[in-house]
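Could you put together the complete structure from these sequences and hints?
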Amino acid sequence: MFLKNTWYVACRQEEIEGKPLGRKICNESIAFYRQADGTPAAVEDFCPHRGAPLSLGFVSDDKLACGYHGLEMGCDGKVVAMPGQRVRGFPCIKSYPVVSRHGFVWVWIGDREQADPALIPDLHWANHPEWAYGGGYYYVRADYRLMIDNLMDLTHETYVHATSIGQKEIDETPCTTKVDGDHVTTSRLMNDLPEAPPFWKMALRGHGLPDDQRVDRWQICHYTPPTHVMIEVGVALAGHGGYEAPADRKVSSIVVDFITPETETSHHYFWGMARNFRPQDTSLTAAIREGQGKVFGEDLEMLERQQANLNAWPERKLLMLNIDAGGVQSRRIIDRLLAHEAAARAGATEAEQ
Amino acid sequence: MFLKNTWYVACRQEEIEGKPLGRKICNESIAFYRQADGTPAAVEDFCPHRGAPLSLGFVSDDKLACGYHGLEMGCDGKVVAMPGQRVRGFPCIKSYPVVSRHGFVWVWIGDREQADPALIPDLHWANHPEWAYGGGYYYVRADYRLMIDNLMDLTHETYVHATSIGQKEIDETPCTTKVDGDHVTTSRLMNDLPEAPPFWKMALRGHGLPDDQRVDRWQICHYTPPTHVMIEVGVALAGHGGYEAPADRKVSSIVVDFITPETETSHHYFWGMARNFRPQDTSLTAAIREGQGKVFGEDLEMLERQQANLNAWPERKLLMLNIDAGGVQSRRIIDRLLAHEAAARAGATEAEQ
Amino acid sequence: MFLKNTWYVACRQEEIEGKPLGRKICNESIAFYRQADGTPAAVEDFCPHRGAPLSLGFVSDDKLACGYHGLEMGCDGKVVAMPGQRVRGFPCIKSYPVVSRHGFVWVWIGDREQADPALIPDLHWANHPEWAYGGGYYYVRADYRLMIDNLMDLTHETYVHATSIGQKEIDETPCTTKVDGDHVTTSRLMNDLPEAPPFWKMALRGHGLPDDQRVDRWQICHYTPPTHVMIEVGVALAGHGGYEAPADRKVSSIVVDFITPETETSHHYFWGMARNFRPQDTSLTAAIREGQGKVFGEDLEMLERQQANLNAWPERKLLMLNIDAGGVQSRRIIDRLLAHEAAARAGATEAEQ
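Residue numbers (the working numbering), protein chains in the order written: chain A, 163 to 515; chain B, 163 to 515; chain C, 163 to 515.
This list has only true hints and no planted wrong ones.
Pairs count within a copy or across copies, as identical chains cannot be separated in the list.
Straight-line C-alpha distance at most 25 angstroms; calculated DMTMM-like pairs for lysine to aspartate or glutamate: (1) Lys-225 with Asp-199; (2) Lys-186 with Glu-463; (3) Lys-363 with Asp-333; (4) Lys-456 with Glu-394; (5) Lys-186 with Glu-466; (6) Lys-330 with Glu-460; (7) Lys-479 with Glu-463.
Quick caveat, the hints were computed from the structure, so don't treat them as lab data.
Right, here's the structure in full:
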């Protein structure tokens with residue numbers, strides 16, 4: 163079950179540079195491409211001529227040309243031309259609202275009338291000179307909700323990421339989960355730790371702060387629908403207010419996670435980090451991206467094996483502990499919005515009769 | 163749905179040199195092997211002793227010995243011997259009529275009474291001193307009829323083979339499709355082209371003709387049941403009659419395609435080229451074979467992805483345009499012959515009652 | 163259909179050194195691990211918290227800690243602890259009786275009340291100073307009973323292992339099968355062979371015996387439930403009584419085979435050899451192990467392809483020849499014991515009502 167009247171990240175902008183991209187989202191196979199002025203377009207990945215995937219074709223003069231026999235598909239799903247053929251009367255295919263924003267291409271799978279670009283989340287750090295962003299993509303054979311659970315409960319860092327970002331104190335500090343409308347926040351504030359972990363020592367030094375002192379550390383996970391998880395992370399020199407410390411006593415960044423369902427048991431995972439220290443340092447951006455890629459790769463086997471176990475034991479109920487509250491509350495919002503979408507569809511059907 | 167009372171190419175003769183070959187044809191798993199005098203044989207790939215595949219065994223004195231416990235199977239599907247056992251009363255397995263001809267082993271899947279070797283197509287170029295043949299094999303995860311469509315409509319060359327044999331003029335020149343009984347012909351005659359493509363320039367030079375002049379080019383695709391597509395291709399110096407030009411003004415060859423169904427969604431593809439210029443030049447044969455292998459390999463991803471799309475959208479009807487007429491007419495013949503086979507089976511059943 | 167009230171080999175002891183092992187046995191996914199004193203433990207490979215496989219975790223103070231969020235599972239399937247949580251009321255998972263013996267970990271899948279360690283077979287050669295053992299593991303995609311058939315009929319050596327241990331005389335010498343209660347014995351005694359095969363020549367030399375003389379050779383296969391096959395093999399200088407020859411006129415060893423069902427069509431195969439000549443020669447142990455690994459690897463393709471054939475032709479009945487008597491009789495015992503287990507379960511159910 164996926165929310166459909168919502169914007170999902172379909173791909174990073176560079177994934178459609180120079181050639182189309184075929185990607186399945188919410189069980190729909192879609193060909194994404196970029197027009198000459200940079201505007202993205204998205205149509206079903208099915209040529210109405212002989213069924214070839216349009217994503218194997220090429221972009222020609224803002225149209226997506228099929229790589230089999232050259233049929234030219236417009237961004238609205240209507241056939242524009244085909245060599246030696248009149249194309250009036252050719253069947254259309256579905257097109258999808260798409261918007262390029264914040265470095266990503268966003269797609270709307272549901273009713274196109276509701277596809278308001280203003281609903282795309284504002285990412286204050288994107289395209290901001292004091293911030294830098296780096297990120298990547300993983301394909302994960304697991305229900306997208308298992309990834310939301312994973313990110314809304316960072317106690318797993320102690321175990322899954324024991325050798326990188328894990329720290330015993332994470333596990334020992336209780337977290338607090340709050341729900342405000344469609345916004346779930348799980349906070350873990352770790353105060354007066356003996357030292358910062360390696361990543362944050364590096365950040366402290368880069369910020370001109372000592373790296374050998376006691377620190378306060380925080381992780382504040384924000385879920386918003388449909389599947390976005392932004393995590394504020396940082397450390398401050400101990401005793402200056404932690405998360406609320408003045409800017410010259412702390413370093414922080416935002417872990418950025420966009421989770422796009424592919425099927426019921428697989429998803430596209432766009433991970434990254436936005437930081438506001440040393441934003442011009444591109445080699446630091448690359449180093450963080452590489453390190454984060456390794457760390458986030460450690461989750462994949464766990465989630466995929468967890469999914470396999472859930473498939474094998476479909477009747478078992480999972481526990482919902484305090485640490486799981488972030489995921490549990492996020493799933494409740496998804497369930498409520500799914501019911502809302504179902505009711506709206508039922509209402510629309512009734513109105514038509 | 164496959165035609166069964168017909169000869170299919172099972173393998174190239176060299177595929178059964180020295181050891182048996184297991185291959186599934188029309189959903190039947192078959193072990194092919196060669197007897198001492200070169201005569202091929204074919205039996206079900208199932209040892210009646212313990213079910214091991216006979217194709218894992220070896221040929222011994224014209225019998226196919228099972229590689230598990232040494233049961234010896236005769237070419238008629240009757241067990242001949244087994245070490246330390248009396249084999250009278252052992253169950254038989256199905257054997258298949260097979261004929262070695264034109265460099266291929268041909269197999270008949272249907273009623274063996276109808277398996278007349280005279281029905282194997284005559285290939286005038288095979289074993290002819292003025293002709294040379296080179297070819298290869300691809301396994302393709304797509305309905306065999308998608309390959310017939312592909313070969314009976316060469317406009318795809320412009321797109322799929324853009325960097326090798328494709329040429330804009332192919333796409334711009336309409337084709338003509340004719341049906342004569344069970345024989346479909348799709349012709350494309352391209353007259354007065356500014357120059358020949360690279361392959362044909364080479365052929366012109368090899369024939370002692372200039373390679374920098376305007377040419378007429380032709381592609382004449384012939385479908386005959388069950389699944390054979392022969393394509394006459396060539397160029398002539400412009401203004402000498404094109405396809406009808408005298409032999410010393412043109413060069414030509416035949417693209418040879420045998421397409422053997424494996425399952426409903428996979429087939430064996432035997433491709434090759436027969437040429438009547440420089441037939442003794444074995445390095446040219448090897449070079450053409452290598453080049454053709456690359457070009458024909460370009461079709462595989464397209465066909466397999468097309469098949470996957472058709473599986474995912476089974477309810478969608480494909481278009482049948484003018485360029486598709488060759489495939490459409492070929493499929494009509496297949497459908498008519500399938501109905502004929504079904505009617506014959508029904509009649510036979512009725513006669514038995 | 164698997165026997166469940168019985169001991170199966172789950173793994174070799176070294177497979178759970180330092181980290182847990184996940185393995186499916188009789189369709190049950192199990193996490194095996196070793197406690198500090200060496201005692202093995204086994205629980206379902208499913209964390210009751212969020213369904214992660216416990217085998218991805220680690221052993222901590224004799225508990226199996228989940229690698230996702232640190233839940234600590236006891237060897238009895240009861241949750242012991244979890245960071246920051248009270249675990250009373252957490253659901254239990256199934257635990258399995260396990261015993262470490264003879265270099266293997268043995269598991270009991272059925273009713274734990276019946277899991278008497280005394281039922282584990284006595285292997286007189288294990289941990290005996292005059293014997294050495296070496297062995298390995300293969301995963302085989304075939305019904306475990308096909309492996310029993312394979313091992314209870316060594317005529318296949320002539321064909322499957324033609325270049326290593328096969329010998330024409332094996333095929334030419336009839337075998338004798340006897341059943342004594344739950345014990346099946348298939349014997350093949352080959353007398354007065356012109357020479358020993360290479361492996362036995364080496365053994366004769368190592369034993370201080372000539373390797374260029376005529377020999378008697380024997381293979382005596384013993385099946386015992388559920389799935390153990392021990393094969394006495396050896397050669398004696400001809401004319402000294404063969405199998406019964408005095409110790410200084412013969413060399414012998416035991417081929418050890420434990421076959422553990424994974425699913426209906428796959429199994430775990432633990433193969434090895436126990437020998438009582440040059441037991442201290444560890445390089446000989448390694449050399450035999452390597453050679454045996456190659457030879458036994460030759461069976462895998464045959465069995466897996468046989469299984470695929472049986473899947474494709476489920477209606478066909480296989481032959482049961484004299485050479486198959488060992489497997490046939492072994493399967494009869496399995497069937498009888500399966501019926502016994504089913505009757506016991508039915509009786510237990512009745513008693514409860």
